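Line by line, the protein sequences give chains A and F.
Mind the numbering: the first sequence is residues 1 to 405 in the UniProt record's numbering, read in order.
Mind the numbering: the second sequence is residues 1 to 405 in the UniProt record's numbering, read in order.
Quick caveat, the hints were computed from the structure, so don't treat them as lab data.
Treat the hints with care, as some may be off.
Once the Cα atoms are required to be at most 27 Å apart in a straight line, the calculated DSSO-like pairs of lysine-lysine come out as [stated by the list, open to error]: (1) A/LYS222 / F/LYS404; (2) F/LYS222 / A/LYS226; (3) F/LYS388 / A/LYS226; (4) A/LYS79 / F/LYS226; (5) F/LYS50 / A/LYS222; (6) A/LYS212 / A/LYS357; (7) A/LYS404 / F/LYS50; (8) A/LYS388 / F/LYS226.
Keep in mind that this is a model prediction, so the values were computed, not measured.
Protein chains: 2
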Amino acid sequence: MSNCLVAQSGGPTAVINASLAGVVRANQLNPVYDRVFGGLHGIEGVLDDKLYDLTDLSGRDIEILKQTPSSALGTCRYKLKRGNDADYKRLVDVMDAHDIETMFYIGGNDSMDTVDALSEWAHENGIAKRFIGIPKTVDNDLVPVDHCPGFASAAKIACEITHATYLDYAAYTRPEVFVLETMGRDAGWLAASCCFTGNVDLLVLPEVDFDKEAFLAEVQKKFDEKGECYIVVSEGAHYADGTYLSAGDTANDGFAHAVLGGAGATLKQMIVDAGIVPRGVVQDLSRAARSSNFAQSLVDVTEAYELGMSAHMRSADPAFTSAVVGIRPRSAEDMAAGVYNAEFFAGPAKDFANYVKHFPAEWILPNYAGITQEAMDYFRPLIQGEPKLVYENGMPATLVPFNKR
Amino acid sequence: MSNCLVAQSGGPTAVINASLAGVVRANQLNPVYDRVFGGLHGIEGVLDDKLYDLTDLSGRDIEILKQTPSSALGTCRYKLKRGNDADYKRLVDVMDAHDIETMFYIGGNDSMDTVDALSEWAHENGIAKRFIGIPKTVDNDLVPVDHCPGFASAAKIACEITHATYLDYAAYTRPEVFVLETMGRDAGWLAASCCFTGNVDLLVLPEVDFDKEAFLAEVQKKFDEKGECYIVVSEGAHYADGTYLSAGDTANDGFAHAVLGGAGATLKQMIVDAGIVPRGVVQDLSRAARSSNFAQSLVDVTEAYELGMSAHMRSADPAFTSAVVGIRPRSAEDMAAGVYNAEFFAGPAKDFANYVKHFPAEWILPNYAGITQEAMDYFRPLIQGEPKLVYENGMPATLVPFNKR
C-alpha cells in the first residue's frame, strides 16, 4: 500500500482546512493509503522534504481542524513552471522517498494548473504518480464550478460586517459617507455579495470601468434622496485605462513611496474633495474576511469537507488523475429558490486552470446600483447555516498550525 | 402613573440595545411607568420631540433587540452644556408634554455628566424630574466600574480577528510584518485585550509614549528571533509630544488634506522604510469591532441587559436620581481565576463623569512586549460565552432601527 500527500497553496480561506480534514478523514474511513502526509508550505515545502504525518489525527482534532481558519499546513505563492524539469524531478524524488503515489493539491486556479502540468509531465515521462486538485478561493473566480469553497464563508462574514457597520452608520445624523472595501482584485464576487444585505447604496466592481463623474453624481443623488450613502468597493476597482482606484490618487499627489490606503480610502476622499459631505468612514475588511472561523457558512464548511472526502474517495480508482473535483447545482430551480441542492463532480484539471470567472455582467445593475435578483438568488443558499463551533476560553478552538510545530 | 424616557448617546456598541431591551422588559415585568418612550438620536432628538413608544415590544422583538448591534434609537454627539438653560427647559417641556418623570440615558462619560448636570439643575429649580445613567463604551475607560458594557464584545471580536488573522499571517513564509489597529483614542483597553490570544508580539498603546527607535529595535529583534512580528496598535498611540502616529507621517510629507491611513498604516510603513522587511499587511478593525453582533460575549450582553433592568428596577424608588448603575467584581479572587462573579451597584452620576480610566501602567510589559498575567486574568471572564443568536436568511436577525421607521 502506498502513501498520499496533501498540500495547500495560495491565499488561505476560512474552510481550506475542512478540505484537508476531509482527505484525512476519508482515509480513516477507508484506508486507501497507508499514510496521509501533509506537505508544509505547499509545493515549496514539499520540494524541501517538509512533511507532517496526518494519518492518525484524532476525531476531535479533525473536528477542530474543520473550524481552524487559514492554511494549517502553511501556504506558498510558488508556482511550478511548466518545463521546470528540475523541480518536477525533485518533487518525484521526495514522493518516492516517502512512497507517495498520489498528491492532492488544495488551491486556486494556479494550483489547478500545477495539477494539470504535473499530471501531463508524469504521463509523458512514464512516471506512475497521480495529481488531484481540490479547489478553494475566496474570490470565487474559478470555472467550471458553480462556486468555490472559501467564498461562501467570506461572503457570510462580509455580509455580517456590512449589516453591522450599516446599522452603526445609520445611528448617526451627521452627514458622512461610509465605504466598505473587500478583497477581489480581478473579480467582484465578494464585493457584490455584500448587496445581499440590502444595505448597499452603491457598488463599485472591477468588472465595470470606473467613471468618476458618473459615480459622484450617484453619490450626490443618494444624499439628496435619503441623506446617507453606504458604498461597497472591490479592491480591484479601476478606471477604463486600467489604473486602480487604490493607486490613482496616490500617484497624483506625488506620494510615491507607499500605497496609503486602498480603493475605499480613495473613494471616501474623492467624495469629500467633491464637497458632497465633509467626512466619511472607511472599513477595509482586508484579511478578516477570508479567515474568520467565527462566521463560517455551514454550507461552505460542509462542502469543503466533502470535497476533500470526494477527492480521496474517487482516487481509489487508479485511473483517477489530472482531475479536479467541484460543485455544481443539481437543480438551478432549487438554488434560485434558496434551496441548497448541489452535486459533486470531477473534471479535467485543465478545465479549472487559468481562467477567471468574472461576476456576470448581466447581474450588475447600471449606475453602481448593485445587483439583480438573480444574483441575490445565487448568494442566498451559499451563506446559510452556522456550524456549532467548539469554544475554548471564549474563542473558537483551533489547532496549532502544522507548519508551526 | 407617569411615563419614562430612554435614549442612547455616543458611539454605538454591540450590546447597547440590550440595555435598552432591559429597561423595556423590566417595565413589562413590573409596570412602574405607564409608557416607555425611546428618544430618537439621544438628547438631540428628544429636544426635537422625536419619541418612539417602546412599551409593548413583543417578547420576540426584545430578544432580537438584544442581538441588534449599534444604537437602535439612533445616537448623537450633542452634549448638553452646563448653564444652557434654554436646552434644559426645552427638555423639561418635552418631558412634561409626554408626562415623563424619569429619563434613562445610556452612554459614555459625557452622557453620565449630562445625567449629573440635569439632575443638579432639576434639583436647584425644584423640578420633579429624575435622570438615571446606564453606562456603555467599547473603550472601557469609565470609572468607578470594573468594566463597561460594550467593551467585552468588542474585545471578543478583536481577539477572534486577531487570532484568525494571525493564523492567516502564520501560513506564509515570506518576510512581512502584520499590523492590526483597534479603536481607542485615549485608552488602550481594546488593543491590550488582543494580547489575550497569545498571538501578539508587540503592543503599542496610548498609555506609553511612542519611541520610534526603541520600537524598531524590538521589531528587528522579533524578526531575528522568529521570522515574524504581529503588532497591535491603538489608534490613539502617540509620541511624547502628543503627536498621533496616525497624523505624524502625513504631516511630514506635506499631505495635509487627508489622514491617509491610521496608526497601523504608519507603523507598517515605518518598518518597511527602516528596511526590516520589504512589505506588510494592515488590518484596521475600525467599526467592525464595536458593532459586531455575530461575536457578542454572552457575559457582556447579559450584563448590558441586566444593567438596563437594574436601572429600571431601582427607579421604582422615587428618591433614585442623579445615579448611574455599574458593575464591579463581587470577588477579586473569582475574577482572577476566570470565574465570572459580578455585582451590580449604583453610585452618584458625578463619580462616573469626566474621568478617563487608562489601561493600568502596572499591567503593561516594557519594550512593547504586551500585558501581564494580571491583565490576562482581567480579560478572561469578560469574553466568555456566546449567546444563541436567532438567524434569518443566513444572518443574525436584527430589528429595523427605530430612527429609520
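Verification of the hints:
1. Taking the CA atoms of A/LYS222 and F/LYS404, the gap is near 16 Å; set against the 27 Å cutoff, the hint holds.
2. For the hint pairing F/LYS222 with A/LYS226, the CA-to-CA distance comes to about 50 Å; that exceeds 27 Å, so the pair is violated.
3. Restraint check for F/LYS388 and A/LYS226: not satisfied, since their Cα atoms lie roughly 34 Å apart, outside the 27 Å limit.
4. The straight-line distance between the Cα atoms of A/LYS79 and F/LYS226 is roughly 26 Å, inside the 27 Å bound, and the hint therefore holds.
5. Straight-line distance between C-alpha atoms of F/LYS50 and A/LYS222 comes to about 24 Å, which keeps the hinted pair within the 27 Å bound.
6. Distance restraint check for A/LYS212 and A/LYS357: the Cα-Cα separation of roughly 26 Å lies within the 27 Å cut-off, and the hinted pair is therefore satisfied.
7. For the proposed pair A/LYS404 and F/LYS50, the alpha carbon gap of about 57 Å is over 27 Å, so the pair is violated.
8. Distance restraint check for A/LYS388 and F/LYS226: the Cα-Cα separation of roughly 34 Å exceeds the 27 Å cut-off, and the hinted pair is therefore not satisfied.
Figure legend: structure checked against the earlier numbered hints; hints not met, in rising order: 2, 3, 7 and 8.
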